[in-house]
Each structure stands twice: as structure tokens, then as C-alpha cells.
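Visitor: The primary structure of each chain is shown beneath.
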Amino acid sequence: MCLARPFKLLSLAPDGLSGVVDAGGATLTVGLILTPEAKVGDFVLVHAGAAIEVLADAEAQTILDAFDDFARLNDLVAPADDPHDRH
Amino acid sequence: MTDTSSHRKQTVRDLAAALRREADGQPPLTVMHVCGTHEHEIGRWALRQLLPANVRLVAGPGCPVCITPAAAIVTAIALARHASRPIVCAYGDIARTPTAAGSLLDARGEGADIRVIYDLHEPAALARREPERRVVFFSIGFETTAAPVAAMLREDLPENFSIYPCHRYVPTAVEALAKLDDGQIGGYLLPGHACVITGQVAYDFLAQKYRQPAAVAGFEPEEILAGLLSIARQRQRGEPAVANCYRRVVRPEGNKRAQEILFEVFELADGAWRGIGVLPDTALLLREPYRRFDATAVFGVPEATGVEDVMPGCQCHLIMLGRKRPEECGLFAKACTPERPKGPCMVGGEGACRAHFLYPEVDNE
Amino acid sequence: MSELIRLAHGFGGRLTQDLLDQIILPALSGKDGHAVTLDAAVLPDLLPPVVVSTDSFTITPRFFPGGDIGKLAVVGTINDVAMMGACPQYMSLGLIIEEGFAFDELRTIMASIGRVCRETGVRIVTGDTKVVEKGTVDGLFLNTTGFGTRAFGPVGPELIREGDVLLVSGTIGDHGAAILNAREKLGFDGTLASDCAPLHELVAEVAAAVGGALHALRDPTRGGLAATLNEFAQDTGLQIVLVEEKLPIRAAVASFIEVLGLDPLPLANEGKALLFVAPDAAAAALAAMQKHIYGREAAIIGRVEKAPRRGRVVMETAIGARRVIEMPIEAGLPRIC
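Residue numbers (numbering that gives the first Met the number 0), protein chains in the order written: chain A, 0 to 86; chain B, 0 to 364; chain C, 0 to 336.
Treat the hints as calculated values from the structure; they're not laboratory data. You can trust all of the hints, since none of them are fake.
Using 30 angstroms as the maximum straight-line C-alpha spacing, the simulated BS3-like pairs for lysine-lysine come out as follows: (1) A/Lys-38 <-> C/Lys-184; (2) C/Lys-245 <-> A/Lys-7; (3) B/Lys-8 <-> A/Lys-7; (4) B/Lys-323 <-> B/Lys-208; (5) C/Lys-290 <-> C/Lys-245; (6) B/Lys-255 <-> B/Lys-208; (7) B/Lys-323 <-> B/Lys-178; (8) A/Lys-38 <-> B/Lys-255; (9) A/Lys-7 <-> A/Lys-38; (10) B/Lys-333 <-> C/Lys-305; (11) C/Lys-245 <-> B/Lys-8; (12) A/Lys-7 <-> C/Lys-184; (13) C/Lys-305 <-> C/Lys-245; (14) B/Lys-8 <-> C/Lys-305; (15) B/Lys-208 <-> B/Lys-178; (16) C/Lys-184 <-> C/Lys-133; (17) B/Lys-323 <-> B/Lys-333; (18) A/Lys-7 <-> B/Lys-255; (19) B/Lys-178 <-> B/Lys-255.
All chains should be modelled from the sequences, with the hints used to inform the complete structure.
Guide: This is the structure:
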């Protein structure tokens, strides 16, 4: 099965139940029932045509920095909160 | 782009080195993951090469295609062969998965109308486009898939649409595995996207009841290594927890809306896992009033029974429990290959045996 | 004249002549008014050593972004001939047409064939047309056989040496992705297109730049880089090392394969060449390709090493680990060439 991927939400259908995402230049229609809070411009995690979570627009650099710290700091059991962490 | 890729390479090296330091001088550690996509990505990046010699990462029963009982596939074929000739929709891998009675694609070769889909909304859309045909969605997968399927079932659906669901639930399956474990497993790498739905809290029993370290991990190589490092550090401290190493995506409590919708439409019951047997409370069955969409009732086709899950010599049931490696199966890469699979692990795009076959590790020379 | 091809169009009589005169021959007339004879042809300009190659084309869908079965049939054989060091001069064209095929569709495909021939200077000098009962072929099958005089070489796997550098002339997976998307209606329309292109000039430029340092070349069509490189590995008994980070892939194709969980290595390419070049000529080979319109994204993607046991293909993943690349086994992918 397809790995779930993050895509940017470009538009919402009038009933809000689906939207169109940018899949690397192509556009895909995805179901948004499980992510009622998704807004245009948000990144959503899409699995088999459905959005299952809304993500923070975190830059790759920041994410990797958090993992660098995690490797270095022996007292951490998980990568620490980063400023983009919405959860 | 280049900056990220060389940064990533360095981050991966640093995490692997940290894992080596943590595992140095310690007893061997075997971590089980339960996600087919984890196995696929591990193979694709050749990640096991970067692990220290005393850390082993084994694949549990995390490939949804591999664990779907042969009886379910046979039932789907029987639905396709109904006199009214419905269109049966399924994902590509399950359509190719063989049983002693053949696969869905074999049935297509004999005249059944089987359509491969990539999007779970497609079967209903197809039913709308072809009102004079009946459409059956043979729907498999874990909660990552079952939750949006549940959402779909709550919306308006055309009358000619029905569903034959065969979904399984990972948290209860992991509990069953933890119960079955005889001390071999030292920690669990938890599936990042299934945890998007259930949250890490669904696995608290691992730390609280079974004293097992666990980490929710994403799918990039650094995310998988971070999960392993977390487990190794937890073990070192003697403080098992369910660490979240995929915070940018997974909320501790999961997606509450998705959980509400999932359990409004489905309920847990004992479920058969191909090659393993029945694991309690691991099947997601339709609740009322959603049973009106159940294809077996709509078409009067009962679920098949007495279907052989495992071909002679196949070791998938042991491989999926992490008790054997694919290379230790006598059929692996000889009688059993992706072109002529003898067991489910060789078929699913994320099956342990298929992953080992397609991404064989370079032997140390 | 009817709108659909009938069995009678294949009987060799008046209707066959109509088909030839009105659809097939006009599409093939050369620039110099060269009349196309049909049953057989003398090839006066063909000097030894002669390179010949044949291929059949059964692709569906017949029309796709970037080309159609007609263009593919000419380009595919041009490239097979070019990979052996020849500039393709002459070609034969065989058609097997299903009863009921639309004339308009055939006209469009023939026009495509004619266009590619005029652009590349290839002359179709002989051919054959058959019409078969409905259901015995899927619409239209084509066969082309190409002939050319070898202009550079010899080239071939037997010349590949340990230490050789592996180059690719551009982005990988374009054709396979476009066809899969079109065939399975996956919704990536507008961003994916076949890379179908004739490469005879491109490879000739490389040969002119590096001479005998160009050891072997092949276009990775069906089965993609995975199949082609495994063939070379088996033929040479050497280890071919691919560097994942160096593989050029278009962003749209990368997205497509990510979403579907596909590997780009087995995807077909119809406008790309893989080249094995002696190490000190690699930079010159790369520069020669990048000057050409079909080689702008050429890249060095690997090297040849001694194999520990048997010939094989190994890839250095982006995180620095190595894995073996096997011959692709996907039987499920649609007919792509």
C-alpha cells in the first residue's frame, strides 16, 4: 500500500468534505472528513486518497536539527520539542 | 536539495553511532516493528547495514496484505463470480495475492470483473458512474485505512455500492504479540501512520503492563534510527515508556475525530491473521446500521471457510512473529519468489520475504 | 471509403490499395519525393558494417503525453540501431490492424510516423499490412526494422572494464510513469510525459568527443535501468555500482513514484541512453551530452568494479548503505513498449 505523504492543500470543495492537494505539480483530490480543521495552505498527510492528519509546515532543516540533538544528547529518549511542533 | 541530503547523511551517521554507543557492551537487543511500510523502507535504504551487530530489527505481522486470511480472498472471488457479475475493486497487491484457489487477478483472467484501485473513494465513484452495475469494495488494511473507509461509509453512497471489509487493528495485535513473546523481543517500533489515528496512548500497555520499551517512528531513515535509539536508551535506563519520535505528525492522543468515526462504523471482534491464527479483538467488523453495506449479506454469499492459509513448507507464520528470518525458510528465493510466491510474505509489497528478496543485503566481503 | 478498417482491407485487392494510397504511403513520402516501394527495397547507400535491429510495439494506450505508438515505433528502432554505433538510414514498417480500427486513428498514427521520419532522415522503404479478426490483436501492433551503417565503435559489453564510469543522458522513469498514469488513470495528467526521443545524434556526439573510450551503451527501455544494468552485469561478470543521489529524476516523476510507492529503476525510458566510458573520458562525454537538446540533464551515476563473486548491480543508497538491485519482476505493469 502507498506510504502516506504530506501534500499542500490548495483548495476546499464547497461542502468541505474534500479538497485538492498539490502532489509535486500534479493535483489530487483527497477526502478531508478526518481533518475538519484543515485550511488552504496547510500540509495534510494523505493515505489512499484520504487526509488523516494536518501537519505543521516544518522545514527539513529544522527537523534534521532536532534529530542531530537527539543523537548527541544521551539523556533524551525522544527528539525534543521543536518550535514547529504543533502537537 | 544537496544541503538537505548531505545533512541527512550526517544525521543518519550520528544516530547510528549513538545507537552503537548505547548498545556497546549490552546484551543483544531485538526490536520488532509491526509495519509493512517500515520493512519496505528499511530494505530500500539498506538500513540494517548501519545497525550495530548486537541490535536486530525484525518484522512483525505488519503487512496488511500478508495477514489478510486466504478465506477473505476466496470470498472476494466468490463475490466476483456472483451471477449478477459485480465489479470487485481491490488494491493491486491483494488482487495479486495467491490462495490455493488462485488470486483475484487469476479470476479476472477467467472473466470476473476485478478493478485495481489506488484510492479508497474510487469504488463508490465507480458505482455512481456505472449505475447499471453493482460494485463491491474488497477493503483491507489497518486502522490507517479503516478510519477513512469508515468516514466514507457515513456519507451518501449509491445503492449499487457494497463493501466486503477485512480490516485489522494494530494495538490489540501488538498486545497479543507482547503476550506471546517468550523473552526474545526487547522493544517495539510502532507504526507512525497507524499511530496518527490511535495515538501513542493506545500502546501504553507495553510500558505499563509488559515493561517493554516502545517508540513511535516515522519512515525516513533518521526517523527509524531515532526510534531504535530511543528504545535502546529506555532499556539502558530501565524506564520503559512509549516515546514519540514522530511528533511532527503523531499526536499523543491520536486523531480523536478519526477514532470516533472508526468506532461508530466498526467494532472490534476476534480476527484471523493469515498464517498466525486468531488474535483477540483485532478484527474491525461493521456495526449497525452500516451492516446494510455488507456485500456478503447483499449478495447472499457466505464467507468461505476451511481455506488453507499456508502452503506446505511455508514459514511465513514464524517469520511474521519474528521467530525466523526469511533466509531461514527453505523455500526462500528457491521455490518461493515474487513471481511464484508460496506464502503471503512474498506477495505483499511490504511483506518481509518480498522485501528481503527485492532488497537483499550486500553480504560483507 | 468506410470509417473503419474491415477485413477486406487486408485481402491484397482494391481496398488494400486504397488503404496504402490514401493512408499509409502519403504519410511516408520522403522530403525529396522519394517514392516508397512496398514489397521489398534495395538499399544502395548501406555500406558495411551494417547494423540491423527489429522491434515490435503493442503499447496501450496508443496515445500518451509525449507521443504515440507510431512515434515510439520509429524512435525505438532508431535508438536500438544507434546504440550499436550506427546512424539509422532505412526502416521497414509492419502493421497488424484489428478489424474495426478507426481510419482516423490510423491516419494520425501514420502522420506521426511520417513526421519522425522526416525529422530524422530515416526512410521507410518497405513494409507490410495485415488486417486480423476482431479480438486477435488489441487495436494495432507495429513492427519496425532499422538498418544503418556503423559510424562509430565497436561498442559492446565485452569492452567494459573495471573502473569505467556509468553515465545516463537524462532523467529516468519519465516514459514508464507517464504510461502507468495514463493507463491506470491515476490523475497525474499534465505533469507526466513520455521522453520518447531519437538519440542517434546524441550518441554520435559522444563518440566524436571520446572515440574509443566509449565502451558500451544501451537505452533502458522495458525494465528500465534495473533490467538493462543487470543485463550488462551478467554479460560482463562485473559489479556495477549506482549512486542513488546522482540519479536525475524529474520532480513530477519523483512525486508520482512516492505517492504510489514505486521504484524508479524498473520504469521504462524511451529517450535515454546509458553509457559506459573509460574514466578519463567521463567529463568529456558528459559535456558532449549536455550540449545536446536530449542530453541537458545528463549525469554521471555510477562506476564499474570487480565483482566479489558473480556480476551484479549494487546501489549506494542516499544514506550510504548498499543494496543489491535485482532484475525487475513486476509482471503487473502494463504493456509499455
